[in-house]
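Peer 1: Order-wise, the sequence lines are chains A and B.
With numbering that gives the first Met the number 0, you'll find the first sequence wraps up at 464, consecutive numbering, no jumps.
With numbering that gives the first Met the number 0, you'll find the second sequence wraps up at 748, consecutive numbering, no jumps.
Note that these hints are calculated values from the structure, not bench results.
Just so it is clear, CB atoms sit at the ideal spot from N, CA and C, and this is done for glycine as well.
A couple of the hints might just be wrong.
[Said to hold, decoys possible] DSS-like, lysine-lysine: derived pairs with alpha carbons at most 25 Å apart: (1) A:LYS269 with B:LYS104; (2) B:LYS723 with A:LYS452; (3) A:LYS452 with B:LYS104; (4) A:LYS452 with B:LYS588; (5) A:LYS128 with B:LYS681; (6) A:LYS14 with B:LYS104; (7) B:LYS741 with A:LYS415.
[Stated by the list, open to error] Stretch-level coverage of chain B by chain A, calculated; a stretch enters the list once three of its residues show a Cβ under 8 Å from a Cβ in chain A: (8) 98-106; (9) 452-464.
Residues per chain, in single letters:
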Amino acid sequence: MIEFILNDKKVVTNKPTGSLLVDLIRYDQHLKGTKIGCREGDCGACTVLIGSLVDGAMQYINVTSCLTPIANIAGKHIVTIEGLNMVNLSPVQQEMVNESGTQCGFCTPGFVVSLSNYCLSENEPTQAKSIAAIDGNICRCTGYKPIERTAHNITDLLLNKDHNNSIKWLIDNQFIPTYFKDIPQLISNLSPFDKVTKAHKLVGGGTDLYVQQPEVFEEIDIRPINQNANLRFIRFDETTCILGGSTTVADLAQSTKLQKYIPNLLAYIKLVSSTPIRNSSTIAGNFVNASPIGDFTAFFLALNAQITLQEDRESRAIFLKDFYKGYKDLDKTASEIITEITFELPTVSTHFNLEKVSKRIHLDIASVNTAIQIRVKNKVIEHIHLSAGGIGPIPTYLHNTAQYLQGKKLAPTHIKEANAIMQAEISPISDVRGTEDYKRLLLRQLFYAHFIKLFPSQITLTLLV
Amino acid sequence: MKNIDSKGHVTGTSIYIDDIPTIEGTGYGVVFDSPCAHGKIISVNYSKAKALPGVIHIITHKDIPGENQIGGILPDEELFASQEVHFQGQPIALIIAESEQIAFKARKLIEIEIDKKTVITDPREAQQKGQLIFPPRTFSLGNTKDSWKDCSHIFEGKVDINGQEHLYIETQGAYAQPLENGNIKVSSSTQGPTAVQRAAAKVLNIGMHTIEVDVVRLGGGFGGKEDQATPWAIMAALGTQILRIPIKVILHRMDDMRMTGKRHPYSADYKIGLNKDLKIVGYEVTFFQNAGAAADLSPAVMERTLFHATNSYFIPNVEATAYSCKTNLPPNTAFRGFGAPQGMFVIESAIAYAANELAIEKQQIQKVNLLKDGDEFPYGQIAEGVGLSPAWETLVSKFNLKATQKEIASFNKTNDAVKKGYALMPITFGISFTKTPMNQARALVHIYSDGSVGISTGAVEMGQGVNTKMLQIAANIFSVSANRIKLESTNTTRVANTSPTAASATADLNGKALEKACNALAKRLKTTAASYFKVDVGTIQFKDEQVLVNGNTSDVSWNQLVDMAFLERVCLTENGHYATPIINFNKDKEKGHPFAYHVFGLALTEVTVDCIRGTYEFDAVKIVHDFGKSMNPTVDRGQIEGGLVQGMGWMTLEEIKYTKEGRLLSNSLSTYKVPDVYSAPKQILIEPLETEGTDMAILKSKAVGEPPLMYGIGAYFAIENAIKAFNPAYKSTFNAPFTHEKVLMALYN
Ligand SMILES: Cc1cc2nc3c(=O)[nH]c(=O)nc-3n(C[C@H](O)[C@H](O)[C@H](O)COP(=O)(O)OP(=O)(O)OC[C@H]3O[C@@H](n4cnc5c(N)ncnc54)[C@H](O)[C@@H]3O)c2cc1C
Ligand code: FES
Ligand code: FES
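Can you build the whole structure from these sequences, using the hints too?
Peer 2: Structural data, given as structure tokens:
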């Protein structure tokens with residue numbers, strides 16, 4: 000049994016916990032404002048808010064309800080477009096009207112919900128963030144310009160927001176209905192999520208599982224790892240960082256401490272999926288899904304991360320690079336779960352970079368990705384980890400290429416030679432994301448890009464090609 | 000005026016097909032389709048699927064009481080494949096179950112055996128094998144053969160253009176319900192309610208009068224629901240006819256992408272000749288249209304390719320031939336621009352190639368060949384009110400073209416890994432259905448006794464704001480406030496025999512019909528007022544819901560006048576009918592005056608290419624556009640921005656991929672990418688071109704739905720321009736879209 004608050008009322012359901020939130024909203028609760036455009040997280044028409052009670056206050060995120068199993072919303076506040084409607088239009092809605100941000104209207108509730116989430120966010124409003132807020136919403140009619148204008152106008156309106164009393168300010172200024180103030184109380188009265196047995200399928204954000212096999216999981220009870228608060232942490236020991244097994248991509252983005260060690264962290268994260276998907280999806284899920292183009296897999300391979308796998312009370316740690324044995328073949332039993340992800344924190348002299356190119360720069364799966372961690376001292380490569388995706392059946396740690404470069408002088412000739420070795424180490428195939436020739440050339444370019452970006456005074460494009 | 004649907008949209012209260020409250024006992028339909036692209040059906044075994052609890056019925060071609068035929072232009076497409084399948088995704092049966100989930104499960108239980116036949120996906124191969132949908136057509140002007148001797152430069156080349164998925168965010172769908180006496184009502188997400196009604200009547204073997212088709216609005220259409228909304232609506236109606244229960248058919252996205260046709264891919268050969276002044280003297284072009292497995296709208300689309308083969312240029316000697324090639328892909332169909340974008344892309348490629356070879360800027364050729372008043376189009380119409388040179392001058396001055404060129408050149412000098420490029424793209428687009436009989440429309444107006452107004456037209460609202468424009472027309476004539484006027488759904492029982500909402504002409508046609516109806520009603524009311532005031536009719540006016548006599552406000556309000564008229568038994572309902580005058584086209588001669596008027600414009604596209612990664616970002620698109628006298632600048636601007644970005648998507652990241660076996664690889668939103676907020680150009684500037692408009696357009700406000708899409712073509716040539724700054728050895732291949740992949744390969748080939 001699952002209890003949650005839907006807009007301003009409590010809902011109790013006996014549906015299978017693997018069933019999808021969008022169906023519950025539209026077909027059980029008859030709230031038809033939430034639309035369906037794809038059922039695979041790619042259009043944002045089904046966007047809703049999930050609010051969690053954290054230290055007595057509500058924190059909201061936007062998610063795609065078409066990939067959200069209801070197990071993940073037990074004890075939460077779900078807000079649909081209906082739950083944002085008031086007697087008058089909210090400023091988000093009004094600006095959308097003023098700027099003609101809606102034509103056919105089918106995408107519009109999703110945009111309104113995402114922009115309302117932007118208003119609810121505790122981050123300082125900026126124009127860039129207002130656009131990032133709608134990075135998971137597709138509109139086929141407007142060409143986005145009027146929606147951008149809407150987002151900008153809203154940012155202006157939020158400049159006066161009282162960040163200490165966000166919800167109250169938003170209610171007072173009629174951004175959200177007054178019932179929002181009662182939500183913490185309602186949430187705290189909900190019964191917690193039922194214990195589930197381990198026989199049930201483990202689900203993280205569901206952003207892979209529900210794209211691949213919705214029909215299977217829709218009908219069964221699942222084991223939601225996100226409901227396990229003990230696994231949701233980012234811990235720093237002296238020289239290492241440990242992520243809990245249910246850490247989401249958004250959690251990673253919010254760690255200001257990690258940003259100190261990986262300065263471009265947010266730029267890398269922005270290349271992966273979209274805000275609503277990042278809000279749901281877990282890092283461990285990316286590893287276990289074992290897609291050859293998993294971005295965080297490439298990322299953590301280059302950090303030479305270790306994962307801790309646990310089954311009953313037994314646990315073991317292995318390097319991520321040893322986790323992949325073949326296409327979707329893992330060094331993992333069916334019931335082992337990843338409880339921790341551990342990696343050495345980059346030091347001041349260690350550089351890190353992630354490169355990714357896909358058909359569309361944002362919200363797209365990579366054609367090829369690659370990550371590097373490199374330490375150079377006295378112009379000599381002292382230490383290097385290199386990974387790539389999209390160039391073979393598994394996310395690949397490029398042993399030979401890294402080995403070649405280890406101890407070499409940082410020089411264009413060596414980088415070019417390393418490329419030759421790398422080309423022998425990979426085996427891309429032609430598919431919908433590109434031809435083999437393209438993937439080879441692209442990996443070369445992205446490999447070069449690491450050096451051009453990290454060592455601009457020594458390595459330039461002209462020196463390499 | 001803002002789009003009148005805005006409030007419903009932003010509150011999520013607007014109703015699309017799947018939002019209609021479910022009627023008790025509804026059956027859910029899921030289509031079972033062909034797993035292979037061409038073959039003979041040996042057997043289909045439905046027994047396991049039928050045995051699944053919750054499955055109500057499975058409809059196949061055997062259940063069809065009328066004709067198993069849905070071809071609109073040519074009768075060459077079955078509703079359900081009977082003997083053979085011609086494309087992967089071709090419907091074979093409709094599974095009806097108590098829930099969609101059950102129907103999907105049942106689908107997996109159907110066993111089919113097909114004797115596979117050769118699959119053709121390439122239009123040139125089809126043409127060589129004589130696989131044509133209908134005979135080729137040729138438009139010609141002057142004599143190209145004789146013209147070559149007058150040319151100093153002659154170039155020949157090949158062009159390939161991929162298709163485009165409509166990607167309306169609302170997928171195809173329909174909901175049918177039984178009415179009494181065997182009648183059926185179908186709510187359909189269609190641009191062509193009459194097309195649905197007519198085809199359904201034929202399949203169900205009943206009169207059109209027994210089928211009511213109702214359309215409230217579409218969650219996007221773009222041409223994809225002009226003809227291809229029909230099969231699902233018929234299937235729902237057929238299910239209702241057989242089972243006498245309501246049937247809902249909503250396609251899942253991947254089913255939609257697999258089963259429906261797209262913008263036509265084209266291949267083309269051209270030969271272009273220029274004299275020493277860069278005037279284009281001769282142009283020969285052969286188009287190979289990839290029609291897919293059935294005609295659908297391909298003949299009409301192909302015709303428009305020919306109409307727009309010379310885009311915005313006057314060329315004295317033209318020979319343009321087109322083949323509609325039959326392949327084993329889903330039948331390709333209408334898509335914003337309707338064949339014109341492909342025609343324009345080819346001439347632009349020919350010009351770009353000539354410019355490359357002559358080592359000059361493309362726009363030097365473009366500029367000296369721009370069409371002028373009095374020039375003849377290859378189809379015989381004489382150009383009038385041509386706004387191209389004015390648009391060119393406006394763009395040069397308003398957007399400081401020279402400065403842009405300079406900035407780009409100096410940027411490219413100082414950056415080795417990032418290059419900028421630009422392109423100019425003029426457009427000339429003819430407005431009217433090229434099939435003359437389709438240029439007619441009707442509007443039905445009721446004035447209720449309380450003074451409020453109900454309007455029905457044949458126009459379908461799909462985001463383009465046509466209902467808003469209709470409301471404006473009535474509000475203007477009656478001078479009443481907008482909240483007194485309601486736009487009714489588009490319904491075949493209120494307005495019959497409609498043309499689809501397409502060809503950018505809907506606001507013109509329906510607006511003119513509405514204007515007539517409203518004027519007739521206004522005249523009657525004015526007569527009533529005149530006799531009440533005992534004055535001449537000519538002295539009566541309406542202003543702000545008040546009756547004016549000789550320009551002075553009287554004590555009679557709009558309400559009172561309506562009430563008065565009603566009591567005097569004046570008819571407060573009117574039906575307006577409009578048929579576009581002048582237009583004609585003689586298909587035997589391929590000459591005539593097919594268009595009511597043309598829309599003109601020019602776009603400047605600026606791009607930055609990352610030469611390490613092969614990615615790009617559009618810095619700006621600056622447009623000078625001929626609106627005529629826009630009746631709604633807000634709505635029209637929205638059409639430009641939206642059309643442009645859609646066109647740019649087609650030219651850049653939207654890539655349809657089929658395997659050689661005819662299986663769609665780009666079959667979902669994760670593999671087919673349309674522009675997101677970051678792909679849109681950073682800046683879109685629109686400068687209206689001051690023109691007089693034309694009386695052929697509603698309130699002199701020119702049609703705006705399709706033309707802006709073709710500004711998107713500039714994106715391709717801007718990218719190419721940037722690539723050349725990096726790789727001077729680059730030889731253009733003219734193969735759209737310019738994906739990141741093609742850009743990288745071009746940078747380093
Ligand atoms: C629209 C969209 C865009 C996307 N874009 C990208 C992208 O740009 N780059 C990218 O890399 N991916 C992308 N993805 C894929 C996906 O979001 C990621 O792979 C994500 O990290 C998966 O995490 P999850 O928690 O949602 O996984 P789930 O779907 O919940 O689970 C995936 C698998 O991992 C298992 N699992 C989850 N957690 C654990 C654990 N702790 N221990 C053991 N097993 C576990 C599950 O049982 C399941 O087998 C995208 C997905 C969508 C829908
Ligand atoms: S329906 Fe498209 S993201 Fe959910
Ligand atoms: S308004 Fe139609 S998809 Fe956005």
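Peer 1: With reference to the structure, classify each hint as holding or not holding.
Peer 2: Hints versus structure:
Annotation: proposed proximity of LYS269 of chain A to LYS104 of chain B is violated, straight-line Cα distance about 38 Å (limit 25 Å). For the given pair, LYS723 of chain B sits about 24 Å from LYS452 of chain A by alpha-carbon distance, which is consistent with the 25 Å threshold. Between LYS452 of chain A and LYS104 of chain B, the direct Cα distance comes to roughly 51 Å. Violation of the 25 Å bound is thereby established for this hinted pair. With a C-alpha separation of about 63 Å, the suggested pair LYS452 of chain A and LYS588 of chain B falls outside the 25 Å cut-off, and the hint is violated.
Simply put, LYS128 of chain A and LYS681 of chain B have alpha-carbon atoms about 15 Å apart, close enough for the 25 Å limit, and the pair holds. Our distance criterion of 25 Å between C-alpha atoms is met by LYS14 of chain A and LYS104 of chain B, whose separation comes to about 19 Å. With a C-alpha separation of about 23 Å, the suggested pair LYS741 of chain B and LYS415 of chain A falls inside the 25 Å cut-off, and the hint holds. Here's how the segment 98-106 of chain B fares: 3 of its residues keep a CB closer than 8 Å to some CB of chain A, so the rule of at least three is met and the hint holds.
Look at the segment 452-464 of chain B against chain A: 4 of its residues bring a Cβ nearer than 8 Å to a Cβ of that chain, three or more, so the hint holds.
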